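Trainee: One letter stands for each residue in the lines below.
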Amino acid sequence: MILAASSIAASSLEGQAAPDFVLKSATGENLRLSEYRGDVVLINFWATWCGPCRQEMPLLDDLYGRYQRVGFNLLGVNIDDDSRRAMQMVQELGVKFPVLFDENKEVSKLYEVEAMPVTVLVDREGRVRHVHHGYKPGYEEKYLTEIRSLLRE
Amino acid sequence: MTRIRFVGIALSSMLWVSGALAQDLAPLDSDSVLAAAQSLEVGEMQARNEFRSLDQDVQALKKEVLDLNRDLFLLEEELLFPANSQVAFFISVDVGEYFDLDAVKLQIDGKEVSNYLYTEREVSALHRGGVHRMHMENLKVGNHELIAVFTGKGPSTRDYRRGATMSFEKGIGAKYVELEITDRMTKQQPEFVIKEWE
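Line by line, the protein sequences give chains F and S. If you read the first sequence in this note's numbering, its first letter stands for residue 1, the second for the next number, and so on. If you read the second sequence in this note's numbering, its first letter stands for residue 1, the second for the next number, and so on.
By construction, these hints were calculated from the structure, which means they are not laboratory data. It is possible that some hints are incorrect.
To be verified - Result set (DSS-like, lysine-lysine): computed pairs, CA atoms no more than 30 Å apart in a straight line:
id, chain 1, residue 1, chain 2, residue 2
1, S, Lys111, S, Lys175
2, S, Lys140, S, Lys175
3, F, Lys24, S, Lys105
4, S, Lys175, F, Lys109
5, S, Lys140, F, Lys24
6, F, Lys24, S, Lys63
7, F, Lys96, F, Lys109
8, S, Lys187, F, Lys109
9, S, Lys153, F, Lys96
10, F, Lys109, F, Lys142
11, S, Lys175, F, Lys105
Fair warning: this is a prediction, and the values are worked out from it, not measured in the lab.
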């Protein structure tokens, strides 16, 4: 059982090429990670039953709104078994970043997602630079610093 | 009087000290200055040359790494998909006005082997004449059955799902199978054709 957690653990993915994937999005398009090469990408794994995810998502949406026009993209990957619940939550929260559905959990396995949420930052060359497991208020400040640093590279 | 004498002695000793200091700080010989400047310049040039050669070494190393990476990739393909059992499946689109491709699923001999979601960019590349090598498989010599299921948006942007099947004979040597989506103008419907390359 995957539990919501608030701890930071090191990830073996840091420094490696981000595993490529393609998933269907909430708007019906298929979105592939490698097509964002050249942009800084934040991948956020979340689930409808995860309380910290609900707290975190609006803050991530703010980051997306602020930095999208300067080469930043955000992909929210939902891992619920039923994507309809995820669609409902997306509409409730009113987030604007692309939301993708990983019902088969293949992508979450690739990214070693064991607790929720997990936030992965990928640089312009497609390398995983930072991985954050869990969410506590204040983590968004870390994301902000890391995003700004990656955008400047 | 004593005070005046004292001040006088102090003043003259100050003058003597500053004179000694002035000797120590006398201007350097112009020849030694020139020599120092020249040796500095030589040192700078050497450092620049070293840096240039280091840079060249790094570039050469980078090229070697890229070449090695390419060789390893080709070797891996040869090992995983040896030519005598290799079957490759390609997707192509001819016009594609009546069908907006979303995904293709392949089954070989009843087993699902690939399920590929196409992005807008990939579909656009197919429309412009690109051919996508969707899947490679190792198959034994003999008869095999291929089922391809295409999903997407059909005419009038309705959800569309169509299958195509083909039996093929795998002989010795690599085999190439093309799954083509074409527009059948007479019926204003897409058509899915599977054909083998000779």
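Trainee: Hints the structure violates: just list their numbers, smallest first.
Mentor: 4, 5, 6, 8 and 11
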